[in-house]
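Q: Each chain, written out:
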Amino acid sequence: MAFGAFQSAAPAGTGAPVTQVQKKSPVALWLLLPGILYLILFFVTPLFSLVLTSFQSPVPGGFLGEFQTAFRWENYVDVVSTYFSHIGRSFVYATLATIFALLLGYPIAYVIGVKLRAYPLLQALALVLLIAPFFISFLLRTLAWKQIFSDEGFVVGALKTLQLIPSDAYLTGTPFSVVFGLTYMFLPFMALPIYTTLERLDLRYVEAGGDLYANPFTVFRTVTFPLSIPGVISGTLLTFIPATGDYINASRDFLGSTDTAMMGNVIEANFLVLQNFPAAAALSLILMMSILILVSAYVRRSGTDDLL
Amino acid sequence: MRGLGKYLLWVYTAMAMVFLLIPIVYTIIFSFNDARRTNIVWRGFTIDNWLDVCNAQDVCSSFANSILVAGVSTVLATAMGTAIAIALVRYRFRFRNATTLLLFLPMATPEVVLGAGLAAQFLQLGVQKGLSTIIIAHTMFCISFVVVTVRARVAVLDPALEEAGRDLYGSPSQVFWRVTFPLLIPGITAAALLSFALSFDDFIITNFNAGPAMTFPRFVYTAAARGIPAEANVIASGVFFAAIALVLIAQVSGAIKRKRLALAG
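Residue numbers (my numbering), protein chains in the order written: chain A, 373 to 680; chain B, 864 to 1128.
There could be a bad hint or two in this list.
Partner residues aside, some chain B positions facing chain A, computed with beta carbon under 10 Å [as the list claims (entries may be wrong)]:
1. F893
2. L914
3. A982
4. G993
5. G1033
6. F1063
7. P1075
8. A1076
9. P1080
Simulated from the structure, these hints should not be mistaken for lab results.
Just so it is clear, CB atoms sit at the ideal spot from N, CA and C, and this is done for glycine as well.
From just these sequences and the hints, can you work out the full model?
A: Structure representation (structure tokens):
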């Protein structure tokens, strides 16, 4: 789904799909086998490992990070009660970031996909600018915001001079900077799929709306926006899913503080620092299941085949 | 009123684009900063950072590791993903829905979960983590993106061209390598470039499966706590300029090709 966008961003022309004759042949098996086996080995079985790990119990008198196979379902109760606020924060921050990215990304996609159609060179340039963030380390870009928002930085200075914020206020390490960082990080992922659908939008529908004396806002609400919904769905998913699991923006060394830690931060801490593997596994599965439930409710209208 | 609305849309979009580009410009500018240890305050212009990039400890070795990991995972993922894409468009087979679901799920799973899952598996099997486990992880999450990209290309491929090849007594492998494959090259290239970019910039999955191995994003993450050396900005800016150059070359050559086709037709 991410790819629709890249595909049409590439200059090589994509024509209309040609009717493909599908045949049955043993060749198919050999084409599928390596990749499918690979995914079963390194995507499906790890999920089972995660399930197994999440029920493990500590070895009595064992070392740190020593666990044994068990059915300790209380692990789930423990992590939910310990990390309740982290779980809540993940979904609240990700939802906010998705809304802001949509508000910023839709107009960009609309201008590039519809308004700039008459100027191919400008359109190509704007597209390059939109995908430019993909080419430069996202960690350094996030750190750039941290430094721009730092207490000595000019943004805080200017806001204080204008007395928009009190003189002892700060921006980094707040929910504001985390949601800001998430919005920034996923904006291209939101704008590109919307651009792809708007770029294919047949302008005659829009003209027809105008001919029927609808004002531009009504045309947008009843024609343009409904036709761009597939792009909006892909864009919101491509933003919401990774934003929920992100732990860069909320990390103490980047835009967050311990008060803004999200699920990703506690999964990382439990797995890589505290070596509490069962807690990390239980939290990962809670994250994955909640996202799957939310997402399937959100895209009930389209099957997986469409999304791919 | 209507004119003002139009004007607002352009200003709003321009501002959103500027917002998108601020950190990029910031990163590039600070690659020229005469920073001693930490690259936070501007202390004057210098090109020394560009001249001895490898001066800062671990910057160059982690960059080399990232290139190696991205290169190997791209080759593996592109090969397996392209084969799947062809099978999905061209062949009828059982478990088609299960296959598409299996390809969709890695893209709909947060990276933390993918990373922690693989790490849990490596832990249970007692596998030592290092560059090879990073490559295994990257290949896994790149496959789906390759399938999506190449599949779009296979779907618009005219089967009549391959039929013509068969009519001219081409063997199945001749038809594939002389007709089908060359026509798929743009799609495969796009897929490989995307894989490379995804792998090169990946941090979360890498961090769970790296053990002691350093990649460039891991270097930046660990350095973030004590201050990033300006040399890291140099590497990132260099990669950025190279990628933009590649995109521009592709755009221009595409435009020239289209013009030639238009002239020929």
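Q: Honestly, which of those hints from before does the structure not fit?
A: 2, 4, 5, 7 and 8
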